[in-house]
Amino acid sequence: MSPLSREEKQPSPVIKSEKWPNERKILEAAQNGNQEAFGVLVRSYQKKLFRFVYGILGNFDSAEDIVQEAFIKAWQAIKTFRPGHDFYPWLATIARNLTYNWIRREEKKESLDKLTEKGFNPESVELGPFENLLDKEGSKKLYQAIQALPLEYRTVFVLRQFEQMSYEQIASYLKIPPGTVDSRLYRARQLLMESLKDIL
Amino acid sequence: MDHSYFKDKLSAYLDSALEPQEMELVKRHLDKCSECREHLEKLGRFGQKIKELSGLSGDDYFEKLASKIERSIAEPQRRVVDISRTHWQSLWWKVSATAASILLVGTVSYYQWFRVDTSPADISTESKRAQSAPAQIYKDTAPPLREELFGDADAKPPPEVNRQAAKVRREAPVTSANEEVLSSKVVEREDEPVGDIAKLNAPPVSDAQLRSQAKVKYEGKEGLSAGALDSVGRREITETGITMAEQPSVLADGADDEITEVIPLLEQWQARRDTLQQLQSAIGGMGEIAADNRGQKMLADRVAKEQDSQTAYQVDSNLALVWFQVGMLTSDTTERKAAIQFLTEYQNRYKTDSSIIGSYLRQLRN
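Respectively, the protein sequence lines represent chains A and B. Going letter by letter, the first sequence gives residues 1 to 200 in the working numbering. Going letter by letter, the second sequence gives residues 201 to 566 in the working numbering.
For the record, the hints were derived by calculation from the structure and aren't laboratory data. Accuracy of the hints is not assured; some may be wrong.
[As the list claims (entries may be wrong)] Below, simulated EDC-like cross-link-like pairs (lysine to aspartate or glutamate); rule was C-alpha separation at most 20 angstroms, straight line:
(1) A:K48 x B:D202
(2) B:K268 x A:E69
(3) B:K268 x A:D61
(4) B:K264 x A:E36
(5) A:K197 x B:E252
(6) B:K251 x A:E131
Model the full structure from these sequences, guided by the hints.
Here you go:
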């Protein structure tokens, strides 16, 4: 399942070198057991993966564990990776599977009533060590606002906005109707736009 | 359609997530409405800003993380999921089965050659016992659909032996050649129990929990009475493979007086569909759609009960859901085509429900 919609294919962030001029060569080397090549893939994609996982979990240590676990699993299964395909969607699927059970557990604890009970208070959100990974003005406010969203809204927002998954892909992953994806995303965007209007 | 309808659609329009007809409708509205155009532009700018601000720096931290990952993969025996244990457990079973077979053959040969007085029954018992030990891990289980009802997170991780046993059962015997293949299969959902044995090991759930889970799944869907919800829940309990013998409390406690025997789920939906179609004809809904009408005279009573309370739109909406359920459950292609036909006509008639009906149609056509 590719997380990239047909309209939004992103340029590859892979760190190219003379030794490995493109991702395909890097993957071939990694599939032949070259750990250095796999290290290039780790450095190319770890930030993007971390952003997605942290965006959903909101917990720095858990996000680090899942990112690490995802790469290790990817290495263990690298020989099964089909040549000719993009590496990141496959890696992201592994990370999503690791995140999935966490989402289901947390959904039972948290509810959309969080908004009515506690209101939407991004300023009260503590980002912890994650704050050290942000250097742009406005980034802290953005992530505080994302973390202030109820989990149901946050999940669809992160999957759409960070991973560019289609509504159907999100619906399939979260096992909800596409109409629910639409309504949650709409509401998440409303809340975030209102909260971030100073920096937009 | 009023202005707020289109404003609500702009988020999905921006993502190109609407049905083609709706995209066209919104586009035409945008040509005329400056407020919506402005809002759409705002949404676009918002998306762009998210991209700019969401990137991470922290190069030092990520270099350390990358090194940590590289160290982990460089450790030769490390396995995230205990594939090596699978390998050794599988090997142990194979060795013990081989040893048992050798012992058996040796014993039989010894007795035959030296004519010790052992009856054939004793030998066959020994034979079965020797072979049954590994076979225990291949025990057949009912194929419950617990996952559908109460999700992965509720199921506790099965005992390690059984999880590995499930993999042994499902996969080819583990060899060094296919260990990587197996490891790729476990990456899919590491913490999820796998296979039939894992489902068997899921914690027992009371009938009240299962019923309420099924109700949560179906509640809110138009057209389902409380009695239907309850019977759907109880039917799902049965269809998940929990028989009366295994869970005697299921279906017994708090049984609905209305339902005296379990009816297959598809038939329930078909019966509901037929009732609504009769009602549709009576109060002038969309009109009869070509379908396999069962023509059961007993439906007339149920129709009469519902006639007073529902408008044509309500009936059609209920029918849309019911046709979707029938279409998904049936193996009859004619019936599925009828479901698709109904939903297509419904979608054209009631455009406000278009995206949901579109989702139904996509699922039916797959």
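Sort out which numbered hints this structure fails and list those numbers smallest first. Hint 1 contradicted; others consistent.
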